[in-house]
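Asker: Here the protein sequences come in this chain order: A and B. Heads up, the first sequence is in this note's numbering, so the first residue is 1 and it goes up one at a time. Heads up, the second sequence is in this note's numbering, so the first residue is 125 and it goes up one at a time.
No lab work stands behind these hints: they were computed from the structure. Ideal Cβ positions, reconstructed from N, Cα and C, are used throughout, including at glycine. Please note: incorrect hints may appear among the correct ones.
Here are the simulated distance ranges between beta carbons [said to hold, decoys possible]: (1) B:Gly180 with A:Ser6: 23 to 33 Å; (2) A:Thr121 with B:Thr227: 26 to 36 Å; (3) A:Lys12 with B:Arg184: 43 to 53 Å; (4) B:Pro163 with A:Val10: 13 to 23 Å; (5) B:Thr129 with A:Gln116: 36 to 46 Å; (6) A:Thr121 with B:Pro163: 13 to 23 Å; (7) B:Pro163 with A:Asn101: 30 to 40 Å; (8) B:Ile153 with A:Leu61: 21 to 31 Å; (9) A:Gly55 with B:Asn176: 23 to 33 Å.
Listed below, chain by chain, are the residues.
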Amino acid sequence: VQLVQSGAEVKKPGASVKVSCNTSGYTFTDYYIHWVRQAPGQGLEWMGWINPNSGGTNYALKFQGRVTMTRDTSIYTAYMELSSLRSDDTAVYYCARNLANFYDTIGPDAFDIWGQGTMVTVSS
Amino acid sequence: SYELTQSLSVSVALGQTARITCGGNNIGIKNVHWYQQKPALAPVLVMYRNNNRPSGIPERFSGSNSGNTATLTISRVQGGDEADYYCQVWDSTTEFGGGTKLTVL
Numbered sequence: 001v002q003l004v005q006s007g008a009e010v011k012k013p014g015a016s017v018k019v020s021c022n023t024s025g026y027t028f029t030d031y032y033i034h035w036v037r038q039a040p041g042q043g044l045e046w047m048g049w050i051n052p053n054s055g056g057t058n059y060a061l062k063f064q065g066r067v068t069m070t071r072d073t074s075i076y077t078a079y080m081e082l083s084s085l086r087s088d089d090t091a092v093y094y095c096a097r098n099l100a101n102f103y104d105t106i107g108p109d110a111f112d113i114w115g116q117g118t119m120v121t122v123s124s
Numbered sequence: 125s126y127e128l129t130q131s132l133s134v135s136v137a138l139g140q141t142a143r144i145t146c147g148g149n150n151i152g153i154k155n156v157h158w159y160q161q162k163p164a165l166a167p168v169l170v171m172y173r174n175n176n177r178p179s180g181i182p183e184r185f186s187g188s189n190s191g192n193t194a195t196l197t198i199s200r201v202q203g204g205d206e207a208d209y210y211c212q213v214w215d216s217t218t219e220f221g222g223g224t225k226l227t228v229l
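Looking at chain A on its own, in the form it has when it is part of the complex (with noise of 0.2 Å):
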């Protein structure tokens, strides 16, 4: 089971960005895929989800409005748009697993596998 992520960005403040996150090794559409992110020096930050099987999406409520979490189902692969970028956006992005599948009834749960991380940098 992997995550890959792609690769660092430069972004100037107010543009967007869209990172992927490629998976492999299990059924992409039967578990929830997360988003974190990690400014330097600093804690986790929950971002939100995309049930990768319906397309539907749970956004923290400090990022609804900015974020746009997509899927593509053919090649495996879940996206993360951020938009109307600030310097305080710098950070690790990365996407995460949900440990239980849409097959049991826990729902949203720990983050079993994790991608590499994306460096996202916003500066003028």
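Fit chain B to the supplied structure of chain A, relying on the hints for placement.
Answerer: Frame of chain A; chain B shown alone:
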């Protein structure tokens, strides 16, 4: 939002036992997950749903959760255990604790 409180740092001598705590209001009724993060690497799940170890995590790692405190215990601490540790719970949304830096002396 649900608040989780972790000590900033814990220091323990090599071979001793480290206890990393995560405080929250009535956290004992929630499932707590724990992650280990080493510098420049992605977090790794080391304990899920309070006291379950993922495959590949040594038996030296154990977890408990009761009342207002969840605890990750690392027995016979090794140098390779030095890392940041984060707790996580789901409430209406999910929250991470601020992280505890474990230093092995």
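Asker: Now tell me, hint by hint, if it's right for this structure.
Answerer: Hint by hint, here is what the structure shows:
1. B:Gly180 with A:Ser6: 23 to 33 Å: 27 Å Cβ-Cβ, so the 23 to 33 Å window holds.
2. A:Thr121 with B:Thr227: 26 to 36 Å: holds, 29 Å
3. A:Lys12 with B:Arg184: 43 to 53 Å: At 47 Å between Cβs, range holds.
4. B:Pro163 with A:Val10: 13 to 23 Å: holds, 22 Å
5. B:Thr129 with A:Gln116: 36 to 46 Å: Because 30 Å falls outside the window, the suggested range is violated.
6. A:Thr121 with B:Pro163: 13 to 23 Å: holds, 18 Å
7. B:Pro163 with A:Asn101: 30 to 40 Å: holds, 32 Å
8. B:Ile153 with A:Leu61: 21 to 31 Å: holds, 23 Å
9. A:Gly55 with B:Asn176: 23 to 33 Å: The hint (23 to 33 Å, Cβ to Cβ) holds, given that glycine 55 of chain A and asparagine 176 of chain B are roughly 30 Å apart.
Taken one by one, the earlier hints fail for this structure only at number 5.
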